[in-house]
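> Those protein sequence lines, which keep their order, are chains A and B. Under this note's numbering, residue 685 is the last one in the first sequence; the count climbs by one each step, no gaps. Under this note's numbering, residue 1370 is the last one in the second sequence; the count climbs by one each step, no gaps.
FYI, nobody ran anything at the bench for these hints, they're computed from the structure. Incorrect hints may appear among the rest.
Below 30 Å or equal to it, Euclidean Cα-Cα: the simulated DSS-like pairs (lysine-lysine) are [as the list claims (entries may be wrong)]:
#1 A/K443 to B/K1128
#2 B/K1020 to B/K848
#3 B/K1128 to A/K445
#4 B/K831 to A/K635
#5 B/K940 to A/K401
#6 B/K975 to A/K461
#7 A/K401 to B/K1285
#8 B/K831 to B/K808
#9 B/K1104 to B/K940
#10 B/K977 to A/K394
#11 B/K1215 to B/K1320
#12 A/K605 to B/K1222
#13 B/K940 to A/K394
#14 B/K1285 to A/K530
#15 A/K196 to A/K12
There are 2 protein chains.
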Amino acid sequence: MIGAVFSSWNGKRAVEYREIEKIPHEWGTAVTVQAMVFGNMGTDSCTGVAFTRNPGNGENRFYGEYLVNAQGEDVVAGIRTPAPVNEYSKNSQSKQFKTLEKLMPSLYGELFEYQKRLEGHYKDMQDIEFTIEKGKLYMLQCRIGKRNGVAAVRMAAEMHAEKLIDTKTAIMRVGPNQLVELLLPMLDPKVELVTKPIAKGLPAGPGGARGRVVFSSHEAVSWAKRGEQVILVREETSPEDVDGMHKSQAILTSKGGMTSHAALVARGWGKCCIVGCSDIEINHDARTFKAKDGVVVREGDWLSLNGTKGLVYEGSMALVDIDLDKNQSYKVLMKLVDKVKTMGVRANAETPEDAKQALKFGAEGIGLFRTEHMFYGEGGEEPLFLLRKMIVSKSEEERRKALGELFKYVKKDVKDTLKVMNGRPVTIRLLDPPLHEFVPHDKEKLQELSRELGISMSVLKRRVIALAENNPMLGHRGVRLGISYPEITEMQVRAILEATAELIKAGKRALPEIMVPVTCTFNELTHQRKIVDLVYKEVCEKQKLKKIPYLYGTMIETPRAAIRAGLMALEADFFSYGTNDLTQMSFGFSRDDIGGFLPKYLDLKILPYDPFQTIDTDGIGELIRMGIERGREIKPKLKVGICGEHGGDPESVVFCHKLGMDYVSCSAFRVPIARLAAAQAAIGS
Amino acid sequence: MIGAVFSSWNGKRAVEYREIEKIPHEWGTAVTVQAMVFGNMGTDSCTGVAFTRNPGNGENRFYGEYLVNAQGEDVVAGIRTPAPVNEYSKNSQSKQFKTLEKLMPSLYGELFEYQKRLEGHYKDMQDIEFTIEKGKLYMLQCRIGKRNGVAAVRMAAEMHAEKLIDTKTAIMRVGPNQLVELLLPMLDPKVELVTKPIAKGLPAGPGGARGRVVFSSHEAVSWAKRGEQVILVREETSPEDVDGMHKSQAILTSKGGMTSHAALVARGWGKCCIVGCSDIEINHDARTFKAKDGVVVREGDWLSLNGTKGLVYEGSMALVDIDLDKNQSYKVLMKLVDKVKTMGVRANAETPEDAKQALKFGAEGIGLFRTEHMFYGEGGEEPLFLLRKMIVSKSEEERRKALGELFKYVKKDVKDTLKVMNGRPVTIRLLDPPLHEFVPHDKEKLQELSRELGISMSVLKRRVIALAENNPMLGHRGVRLGISYPEITEMQVRAILEATAELIKAGKRALPEIMVPVTCTFNELTHQRKIVDLVYKEVCEKQKLKKIPYLYGTMIETPRAAIRAGLMALEADFFSYGTNDLTQMSFGFSRDDIGGFLPKYLDLKILPYDPFQTIDTDGIGELIRMGIERGREIKPKLKVGICGEHGGDPESVVFCHKLGMDYVSCSAFRVPIARLAAAQAAIGS
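Using the sequences and the accompanying hints, generate a full structural model.
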């Protein structure tokens, strides 16, 4: 028997649990041997489990269940429906049972006092096991109770208000990822409990959603326009689908992994998303998909998704929406968080709407404004067309003309966001993707371009082919574009500085940070800085301003840039670590292609976790550390941050804090998570 | 006048010269002011330039030219044809002139003594300027004379034999790249001098060549089969052209840069090659190309190429071939080199022929045997077909069957080379390229595969598409293949160990080094080592051997592997730096795609040189240094080498020596160059 307890440490569920909770397998377990009491000695005996506060919503009410004439195992096994300990603990299934309070009022009173005392002693919500043997109450065990995110926040805030715990403890009580539950709507758990999913995929974007099935981005847009809620179902998504993805309630793909295009975009928006759902087979011609069990879902049919668990349900399921503004506990907790944390938290955002959302979530600035964003999605058609014109231009003259037309769009785009951010820093990344990414691939769009540009299809095609690359990730992109075509940098810098100047003259505040991407050597920064200096002088003169506020800095995203950070710092006011690319290049992993081997790597534990989700501290972390050290050796006050997916990952945020970064930046919806993680890091250090 | 001398430092040619010779621009120049003598005071006056030995071939004979009644400028300007100072100095243009020796015998005698004394004093060949003013000899200047490669080697060897210089000095006298002239045939310089080139491209592969023009690899092979010498002219080349490239005397491409496929392959073979020759326009339909000046060259026409300078000539020009075995000076010098150098030099080779060539050039082992080589070129069809079968296999069972058939080819391939190397180490890299690279792209070959495999074209196509990657360089390749499909590693290791065992049982010597490519973490090495251990045991038993000699090691080619080298060393007997990939990943430069921006980078001096030609010591060098330090901290005797293009670059070889590497490995033909550089590094350190 004692041996069985010891060996339970290696039970399948125990091992799995430790893996989820990251508890080392080598710790082992202990066994306490003690006298036994019996809850199954008759009707004056019972056994039960209770919580000092409601673990489902955090309310400060005693909550529990019990079974008369039973042992603890009977309660846990769930063979008999347990009864509520008090009125408050009643639910739809147990409401007809007699409460312990009514059945044994004095023993209940005793129990109530104990639980109060235990919580007071341990200063946290307790999960209590008790047994009544022939009218005598025995407390079997108490331990800190598990709770969901909503409850965790409420308990932390209320216990702090009750002065049961101090500020630091309150902050440490909530797991940063638990906040996800507060930030996203969820499928009604009660309904979900009694419904069978038709398919299961990877939980790429948490939260719940429901909508009518469409099979193309185009349909998603047009259905949404007429007020329909839709779920976009695709094999995979690409940048061309972004508009339709944005308009959908959720995205479901049959292929791709946790770092596929769909997963990344959805996580960025905090949108519900399930990817790699191989249980479904899409038939594009018939506009249907077939689920594993043969269920056929047609275009227009309702579907409900649990993105937190990766479950797909037929039909329209009720959603439980949570309004953050009404969640007082959340507000209280986050105020404490902001008092404690020392590292800034910014958001990645590219539109005034995103910026407003970011502010709502507590962002202190924008850490990544991708200029190329304006070419995708709503309103992007005209600028995209101009960009394409610029791309296929053959001469600097042609290119300058197209850039000239593009200028006003870029300026407006930048200005609108700077305005919303009202003086908070906005880091604007100069054009980054390889140009081929913007080129149209369908004949129709190519023909339109050829007509508009007045060049033949064959010439156009030749120019497009010339832009194609074998490894675009390592190709003609980032600052390399700005060096090959300085006029692109010039136009963007002019747009940024003029937008800033106009806002300042209108009495507003604005602080752009011009960021050069994909650098690998100091000389690139010098080259681009000369352009910035020149344009700055011109804009100052034109706008009759003595100075326009801005910073000039670089992404550190190639391994070489991290190694050469000392020199890079000479020309940069700030570094922003692009840990996505740094991870890609240092591991030699193309994020688009890791589907072929990463699952096996994780499965065989060759890698402990996906390095695109959590920073690989041993390898990438060392490059980051080296870069910061070397940069600050030259420029002690160098501002250092991180932008990209890792900025919203709690473990990575803690790591960034330890390295002495000034801020992390992540997708707006993950800002509260990052803030909490930053506060916990400040407490932990 | 003095000002003019000072400002000559900034003359266009001076600047260019400094750039070629890598002399810092900030050094500046000095001016010496002295009394003048005149060689233009009548027929008893003259002026001349002479060398203490022949700078053209190194012969130890006084060699020079002079002009009666002239100043130094007249000699240099070349307006009048100068006369020879002695019989030995006569050439076809000057043979009718009277020698100085005949004209002024006593002054010539005086000059002869001076030059002898000067060489004895400076212990090197002197370039002397003299003037005779009215019968009196003045020595104006002497300096170390420039010489070509052939002369440099001869002078070094002979001066050493004369005991004029010691061993170290002799070795330092020859620029490693000067050896190229001794190793490759050249166009006859006399003919070239009077012929106008029809086009100019980038000098990707030095040496001279002539042959008849063909426009496809297929034609190259079939023409070569019937004994024709051909030059392959293409826009670009790809791995599928390798056979035709190999069969050609030289390769000429209209596109691509110094690191294009054609350039790399040709340099590897030491084959004459000109790339990026935009002066020519290929018309595939007409089987012609048109040069800049309108010259049209047809298939079958003769062409001559100077790969050292990138010049293309019409017609068949004579070649000057040099037989190394007959070059006593070379042999003497290289013996000195091998005495002095401390670092090993190996060759990259994959066939018994390559291995023999490597040994001839003095290689001490093979540093890179690419297993995938066997699938290209002659005799590769059957193994390639089996490989393709393996690649499109759907199950492990299918894959194992195809691998089983492939086994004998791999074993033979490895065995033949191990045999030639006779106990010298042969580093065999496990399969490296992403599988998609091997898949046929033309319909015919796909159909053949579909017939043979008994699967439909649509299924086959789907499997092929599934293998395609966005960034294959960072994709499913190297050890990732060995982890996804351990049976591939298993088959290769079995082939290597069985080949070794068979040789040993036959009384031969063999030392394979099994090398795992593209690793980024220790766990990958552990995973693959388990396979090696298992197979080792099986082969020992099967072959009834107690032990089979082999080493197990890894390439260090991802930045992360260099950073984590400490742990990697735990599982590796050796490290081999793959500086090509390390450069690609650390800079974020795809070698296939740098054509779009690298020329501009070099032009603007954003990079001082092409990091794929010479190791970037500041960035990549630091990663290498870090990797060696960390690796040897764990395993002090860890064997460390470098394979890939940099191993044959003299500056990089010196750097590798400084870092304490055990060996460099480069293409066979560059082995003497690397040996010389290694000796110079040993002297310099």
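> Hints first: check each against the structure and report whether it holds.
How the hints compare with the structure:
no.: 1; hint: A/K443 to B/K1128; result: 23 Å, holds
no.: 2; hint: B/K1020 to B/K848; result: 16 Å, holds
no.: 3; hint: B/K1128 to A/K445; result: 28 Å, holds
no.: 4; hint: B/K831 to A/K635; result: 47 Å, violated
no.: 5; hint: B/K940 to A/K401; result: 29 Å, holds
no.: 6; hint: B/K975 to A/K461; result: 23 Å, holds
no.: 7; hint: A/K401 to B/K1285; result: 22 Å, holds
no.: 8; hint: B/K831 to B/K808; result: 14 Å, holds
no.: 9; hint: B/K1104 to B/K940; result: 40 Å, violated
no.: 10; hint: B/K977 to A/K394; result: 21 Å, holds
no.: 11; hint: B/K1215 to B/K1320; result: 20 Å, holds
no.: 12; hint: A/K605 to B/K1222; result: 25 Å, holds
no.: 13; hint: B/K940 to A/K394; result: 18 Å, holds
no.: 14; hint: B/K1285 to A/K530; result: 17 Å, holds
no.: 15; hint: A/K196 to A/K12; result: 25 Å, holds
Consistency note: the structure conflicts with the earlier hints numbered 4, 9.
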